[in-house]
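Peer 1: One letter stands for each residue in the lines below.
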Amino acid sequence: MRLGLVIDLDTCVGCHACVVACKQWNTSGTVGPLTDYEPYGQAPGGVMLNRVRHYEEGAYPNSKTVNVPVSCMHCDEPPCVDVCPTGASYKRDADGVVLVDETKCMGCNYCAWACPYGCRELDYASGTMKKCTLCIDRIYDDRLPEAERQPACVLSCPARARHFGDLDDPDSRVSQLVRERRGFVMLPEMGCQPVNHYLPVRPPEASRPLPETGGTSPGQGADPASVQHWPNRVVHR
Amino acid sequence: MHPAWSVVFFTVLSGAGYGFVALFALTDLFALGGAVGQQELLAAVAIGAVLITIGLMSSAGHLANPRNAWRSFARFRTSWLSREAVLAVLFYPVALLYVGPYYLLGLEHNAVTMLFAGLTAVLAVATVVATGMIYACVRAIREWNQGLTPVNYLLIGLGLGGAVLAAVRGFFGADPAPAAAMAVGLLGVAAVTKTAWYLWNRRPGSSSKTTALGLGSAPVRLVDAGHTAGNFLTWEFQYPLPEGRAQLYRGLALVATFAFPIAALSAVALGAGVAWAYAAVAVALLGALIERWLVFAEARHAVRLYYHEACL
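Those sequence lines, one after another, are chains A and B.
Going left to right, the first sequence walks through residues 1 to 237 as my numbering numbers them.
Going left to right, the second sequence walks through residues 1 to 312 as my numbering numbers them.
Bear in mind the hints are in silico, worked out from the structure with no lab data behind them.
One should not assume that every hint holds.
As the list claims (entries may be wrong) - Which chain B residues face chain A? A few, computed with CB under 7 Å, are given here:
1. G118
2. F232
3. A302
As the list claims (entries may be wrong) - Output of the computed footprint for chain A on chain B, the stretches with three or more beta carbons under 8 Å from beta carbons of chain A:
4. 62 to 68
5. 81 to 95
6. 133 to 146
7. 211 to 224
Nothing here was measured: the structure is a model prediction, and the numbers come from that model.
Think of the CB as a built atom: it goes at the ideal place given N, C-alpha and C, for glycine as much as any other residue.
Construct the entire structure; sequences and hints are all you get.
Peer 2: Written as structure tokens, this is what we have:
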């Protein structure tokens, strides 16, 4: 089993709900607290296990905003685990989740250097490394209803841009998404073999009504000029 | 990368200490420039121990949670940091088994002391190589991720150690010329490999915003990083170093680490006063500190691709 996330860059609206939900859950979870620095000061910041950055692709006016959430990729070949001198960083055999045992961490930052994605952050207050746990304290919790045994970021996403599942199982929803949407991994040249996949932005043509070339529209039989046509196309996919 | 002074001091001082001990063991075994005296042996032990130990203690300065430092011996099968810790600690008893019996036997070598002298030199070299490999094995930092990184660490450590050795030999009245000649050779080769390291870093890399974000071929720019203040990623992995200043520091590092010490030690090797060896040690240590600081300050971590860096 290789648990991981599949994140749809096409539908992510960049609202940071996943960032907030992650922080909220994990600051009081097994890796918590995730320290805030100057929370009410001039430069508020703190430890985050998930960050969303916003990019512009192309040049205005032919440009597109792309929101890119990045959290631990739970790599198959995690360099952060290999370099850890204390054994605090480890990858679970059973489900491939990469975790930090904070009771062993000496805060040397070496794993953060080794991770090309910037997915490990030192908590200056505890002196230990913090990272995404894939909400290990949610996904196996029998007391939660089955539908809620998912990472907080996935549950909170209003655009349903985040999907959680087993990427080893070819029939799982996440594997199907990666197959159908040509999911890709970030920085493949680093050789980490990330488990998390990203679904690419669809070409802009996919969001526009098809040009009238005679014949019937491929929509739901609605008049292409009608108001329903556009939402139908969006909802359809 | 944000240069951590504790690590800069550690790699320079420990490197010089291990280099010194390795070359001292060889000098002693082969009596290069005359046999080692009792006073000189004690001084060499003190200098080596101080350089190495101050360096190792300094390295603990960058640990955020040093209470767990003892655990760093655990993962020597995969981690170069762990290997370095194991080798560094293994070095002490082996070095003691060399100098202890050697001193008690009245500075007469037998098979056992020779064996341990050789082992001490091997462990010293291995420790410095492991230090270099800590950096060389990090693929996320392409400036470090090359074969010349451990070569530079080793050669600069041995070169500094050779300069210290020439100064020690001269101070105790032995002939400093062989040690000075060794240091000149080592620093000369180090100057070449360090320059090659810089040239290699100028080659364009294969990572870009395109490979990092999987977006198409159109230019991509960061609009908003999602946070208003700094965070661990910006503090640790971004270090503003204007190219003009970097060039100045690079020039300083090359002159102080290599050019001046090579000239001064060449003079010593040709019979000039031992004062030149003292000057070479002082300037070379200063130069190596700048060189090591630059190794960090100039390193560009892949996470910068998610910020403003276009390609690495």
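Peer 1: List, from low to high, the hint numbers that the structure doesn't satisfy.
Peer 2: 1
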